[in-house]
Amino acid sequence: MFAEQGPVLRGFFVRRGANEDAEDLVQETYLRLLRAHDRQGGAIANPEAYLFTVALNLAREQAVRRQRSPLPIDDLEALTALLSSEESVEDAAERAQRGKRLQALLNGLPGPTRAVLVMQYRDGLSYKQIAERLGVSPHMVKKHVVRGLSVCRRALAAPAGAR
1 MFAEQGPVLR
11 GFFVRRGANE
21 DAEDLVQETY
31 LRLLRAHDRQ
41 GGAIANPEAY
51 LFTVALNLAR
61 EQAVRRQRSP
71 LPIDDLEALT
81 ALLSSEESVE
91 DAAERAQRGK
101 RLQALLNGLP
111 GPTRAVLVMQ
121 YRDGLSYKQI
131 AERLGVSPHM
141 VKKHVVRGLS
151 VCRRALAAPA
161 GAR
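Once you know that position 99 of the sequence shown is 99 in full-length UniProt numbering, the rest is easy, because the numbers rise by one and skip nothing.
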């Protein structure tokens, strides 16, 4: 079954954004299948269905982990530059302060809005890809992006102590 379903599972995980982790997730899927088989003490009625249920759960777990992981500072600076209407070069201390402020803003956003912004700016996914992962329409993804960027722009435009 591993040889037969392995490539299908790899593709399943890659389509959900786990390019680097696809092989590990395939192996974890089979490991969980084997553990379940041992716990039950007998054959699983439909191993293929069980396998893809486990794979779907692993993909969801990974999406949650990805939502909770902080953005690297380089990505924060790129997002800050995108959001900023100023063309002047900021000194390093001010840039670092804006990065911390933006990270705090992102952490304060509602979960789905933050997840959409992270998937778009950190992972480089399209609205359609994000919509497929979250199980919503591309229009809803766009609404989350607009709301999130609006909150970030307003907060970044306000003085640091005025939050």
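One should not assume that every hint holds.
What the hints assert, rightly or not - Below, simulated EDC-like cross-link-like pairs (lysine to aspartate or glutamate); rule was C-alpha separation at most 20 Å, straight line:
no.	residue 1	residue 2
1	Lys-143	Glu-132
2	Lys-143	Asp-123
3	Lys-142	Glu-132
4	Lys-142	Asp-123
Because the hints were derived from the structure by calculation, they are not lab data.
Hints and how they fare:
This hinted pair checks out: Lys-143 and Glu-132 have alpha carbons roughly 15 Å apart, not beyond 20 Å. About 18 Å separates the Cα atoms of Lys-143 and Asp-123, which keeps this hinted pair within 20 Å; it holds. Of the supplied pair hints, the one linking Lys-142 and Glu-132 holds, its CA atoms being roughly 13 Å apart against a limit of 20 Å. With a C-alpha separation of about 16 Å, the suggested pair Lys-142 and Asp-123 falls inside the 20 Å cut-off, and the hint holds.
Consistency note: the structure conflicts with none of the earlier hints.
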